[in-house]
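Trainee: Chains as they are written, first to last, in the numbering used here: chain Z, 241 to 620; chain L, 241 to 620.
Any given hint could be a false lead.
Where chains are identical, the list cannot tell them apart; a pair therefore holds if satisfied intra-copy or between any two copies.
No more than 27 Å apart at the CA atoms, straight line, and that leaves these computed lysine-lysine pairs for BS3-like [said to hold, decoys possible]:
hint, residue 1, residue 2
1, Lys561, Lys360
2, Lys313, Lys360
3, Lys344, Lys370
4, Lys248, Lys360
5, Lys313, Lys561
6, Lys344, Lys360
7, Lys313, Lys401
8, Lys344, Lys392
Read the hints as simulated data drawn from the structure, not as lab findings.
2 protein chains.
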Amino acid sequence: MTPFRTLKQEGQARRGRLTLAHGVVETPVFMPVGTYGAVKTATPEELVAAGSQIILGNTYHLYLRPGLEVLEKFGGLHRWMHWDLPLLTDSGGFQVFSLSQSRKITDEGAEFRSHLNGDKIFLTPELSAKIQQAIGSDIAMVLDECVALPNKTSVIEAAVKRSREWAERFLAVPRREGQNIFGINQGGTSLPLREQSLSATLELPLDGIAIGGLSVGETHREMVEVLEFLSPRLPIELPHYVMGIGTPLDLLEAVRNGIDMFDCVLPTRNARNGGFFTNEGLLNIRNSDFRLDAAPIQEGCDCPCCRHYSRAYLRHLFQIKEILGCRLATLHNLHYYHRFVAGMRNALEAGTFSHYYEEMRPRLAQAYPERENSNEVVSD
Amino acid sequence: MTPFRTLKQEGQARRGRLTLAHGVVETPVFMPVGTYGAVKTATPEELVAAGSQIILGNTYHLYLRPGLEVLEKFGGLHRWMHWDLPLLTDSGGFQVFSLSQSRKITDEGAEFRSHLNGDKIFLTPELSAKIQQAIGSDIAMVLDECVALPNKTSVIEAAVKRSREWAERFLAVPRREGQNIFGINQGGTSLPLREQSLSATLELPLDGIAIGGLSVGETHREMVEVLEFLSPRLPIELPHYVMGIGTPLDLLEAVRNGIDMFDCVLPTRNARNGGFFTNEGLLNIRNSDFRLDAAPIQEGCDCPCCRHYSRAYLRHLFQIKEILGCRLATLHNLHYYHRFVAGMRNALEAGTFSHYYEEMRPRLAQAYPERENSNEVVSD
Chain Z
241 MTPFRTLKQE
251 GQARRGRLTL
261 AHGVVETPVF
271 MPVGTYGAVK
281 TATPEELVAA
291 GSQIILGNTY
301 HLYLRPGLEV
311 LEKFGGLHRW
321 MHWDLPLLTD
331 SGGFQVFSLS
341 QSRKITDEGA
351 EFRSHLNGDK
361 IFLTPELSAK
371 IQQAIGSDIA
381 MVLDECVALP
391 NKTSVIEAAV
401 KRSREWAERF
411 LAVPRREGQN
421 IFGINQGGTS
431 LPLREQSLSA
441 TLELPLDGIA
451 IGGLSVGETH
461 REMVEVLEFL
471 SPRLPIELPH
481 YVMGIGTPLD
491 LLEAVRNGID
501 MFDCVLPTRN
511 ARNGGFFTNE
521 GLLNIRNSDF
531 RLDAAPIQEG
541 CDCPCCRHYS
551 RAYLRHLFQI
561 KEILGCRLAT
571 LHNLHYYHRF
581 VAGMRNALEA
591 GTFSHYYEEM
601 RPRLAQAYPE
611 RENSNEVVSD
Chain L
241 MTPFRTLKQE
251 GQARRGRLTL
261 AHGVVETPVF
271 MPVGTYGAVK
281 TATPEELVAA
291 GSQIILGNTY
301 HLYLRPGLEV
311 LEKFGGLHRW
321 MHWDLPLLTD
331 SGGFQVFSLS
341 QSRKITDEGA
351 EFRSHLNGDK
361 IFLTPELSAK
371 IQQAIGSDIA
381 MVLDECVALP
391 NKTSVIEAAV
401 KRSREWAERF
411 LAVPRREGQN
421 IFGINQGGTS
431 LPLREQSLSA
441 TLELPLDGIA
451 IGGLSVGETH
461 REMVEVLEFL
471 SPRLPIELPH
481 YVMGIGTPLD
491 LLEAVRNGID
501 MFDCVLPTRN
511 ARNGGFFTNE
521 GLLNIRNSDF
531 RLDAAPIQEG
541 CDCPCCRHYS
551 RAYLRHLFQI
561 KEILGCRLAT
571 LHNLHYYHRF
581 VAGMRNALEA
591 GTFSHYYEEM
601 RPRLAQAYPE
611 RENSNEVVSD
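The following block holds chain Z by itself, in its conformation from the complex:
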């Protein structure tokens, strides 16, 4: 039975609720990335205060460190990292694609070298399932093959076929009690391949459906085309998750297209480089314009950073390379993302999302101009 319930619908967009072993998640929801069992710089208490309901852990990274023995001894990642709320894990497939220099992918699995020490790793659907069971995530993702975009149709087609086979093998592993398993749609920017992947994936008994292989080199427009194409084809009873996006504009378009969940390192990674999300765009606090600026990052923002600190002080913290600067920026950016998504939830509840969308789209398009084509997201 799917853990998801739609509370309200407007066009394709939905306001929903995901009931998981570690708690209830109100959707649409943004999931911060906690690669190695920590959302960088932040405590779980701070994440909750910022509005986090569920976070993401990276299977590949956690397999390397701390490794299966430690995760098993501690009964999973929740207790290990002192996080009591829901947790989603990716499958490791994206890291095979993004982190590994030399990899050999066969039908059996992906052979590649650890980015830490060069050790050979052979990641199969069965191993990915085993690691995610040791992690004890509320939502596990099937192992998929992700390819860079643009790419040859034959390459994308082969990845679609293999992802379907791997998903089936993944599901054949007896599951950990209470763990939900989501399938992954692939197909690059080819709409026929997206459709083919979707119908093949939906033959499987899944608790949710993810759209993978985006934010890997395509333009925002291409991404939206894929979402618009898939949107009416996604089963309404399943939760819909777009992996690895995105900018505030990406999230707005995703929600309009019926997406319930997204994760991205943008708020946390930008934070550590002094980039603060605001309604007017990304503010680079290192800019000398802010040297004497007594204003907060964003007027009216009630995050701990904006409540207590000036732009001038925050700039100073980044100038002296003080960790507190990265912390405050992380809190602000997560707060910004969560508040932005909460605003979409509110609009959906009020039945005013289409109005909200029309108003926000041009503002966000101006504040966050289309990103460069790049494989931007690796891990956080």
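Starting from the structure of chain Z, add chain L where the hints point.
Mentor: Just chain L now, kept in the frame of chain Z:
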């Protein structure tokens, strides 16, 4: 009028209270070091929760960054860094001694080069007073000349004489309202010079007396000898402050010798290197022994780090170079120091300090063996 009141006395040791513009400080008190207007990794709220009552800012560093213009615009460091409690600033003299490669000290002042960009700086008593006024500290320190130990008597003597002259010039600057000014005793390990410096310094109208020039190369035993010699000679109505110490054992000896205040980077600096203070000594969390250790750093410790995290997880955070590890270690170490000093306050209140001292001394001497001779403390 001195801001200090003794509430209870046992031998030379005192339990006292310091009433300052930004609040009341219960003594003995440990002061965390916030070099550049931030105690590294920590928010003011966390400092207060850990037990901090007063923190130290470094005049030299703050003069370089953010600089006088910013400090003046923001009306001082308190508002700038969101710290509402008392603040003490050093004079910059110690940094002339410890940070500068090429310096030229004359009776007029100290000429040296910025450790950041090589700019020439000419620090005089008047400039030190001006910077500390711009910072708006509750307690300002007179500019003194600090020398390395061991050293020639003639060198130490000259520094004593010059420090006295500089103190007088410092006090001649009209003071900022509500700011207290402490004098500094120098004299190295020479007891006659310490006495000479003390009587000369005490001719001046001071709100407190500090012992400087320790923790600069002498042994623990030599330091204690200086404290034991000065202890009965310090005016009881003034607060007594030993600058730049120390280990838990140093603090115990200082309190026994009537010291009310100390500051040191040991808890915060060790934290960032994975060193955790415990009753059994400094625990290096990077040690592979802790890989599977589910225990907290210190059983019974109620700091946020020990309440929620295992040694194994903390080791993992340091392995992956995660900022959260430095944060949690900082919170634990500050909590440890503050709780240790609170224990001394409690013993003094109960009239059981000499018993407490006899019990703690051998334990601390074993847990924290005498430090290497080194100029250990520069800034944090």
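Trainee: Taking the hints in turn, state whether each one holds.
Mentor: Status of each hint after checking the structure:
1. In this assembly of identical chains, the alpha carbons of lysine 561 and lysine 360 lie at most 27 Å apart only when taken from different copies (23 Å versus 36 Å within one copy).
2. Taking identical chains as interchangeable, the C-alpha atoms of lysine 313 and lysine 360 lie at most 27 Å apart only when both belong to the same chain, with a minimum of 24 Å there against 58 Å between chains.
3. For the homomeric pair lysine 344 and lysine 370, the shortest alpha-carbon distance inside one copy (21 Å) is at most 27 Å, but the shortest distance between copies (67 Å) is not.
4. Taking the closest pair of Cα atoms, lysine 248 and lysine 360 never come within 27 Å of each other, the shortest separation being 48 Å inside a single copy and 67 Å across copies.
5. In this assembly of identical chains, lysine 313 and lysine 561 lie within 27 Å of each other by CA distance solely across copies; the values are 22 Å between and 37 Å within a copy.
6. When the C-alpha separation of lysine 344 and lysine 360 is checked against a cutoff of 27 Å, the pair qualifies only within one copy, where the shortest distance is 11 Å, while the shortest distance between copies is 59 Å.
7. Proximity of lysine 313 and lysine 401 under a CA criterion of 27 Å is satisfied in neither setting, with 36 Å inside one chain copy and 64 Å between copies.
8. In this assembly of identical chains, lysine 344 and lysine 392 lie within 27 Å of each other by CA distance solely inside one copy; the values are 18 Å within and 70 Å between copies.
Violated hints for the displayed structure, listed by number in ascending order: 4 and 7.
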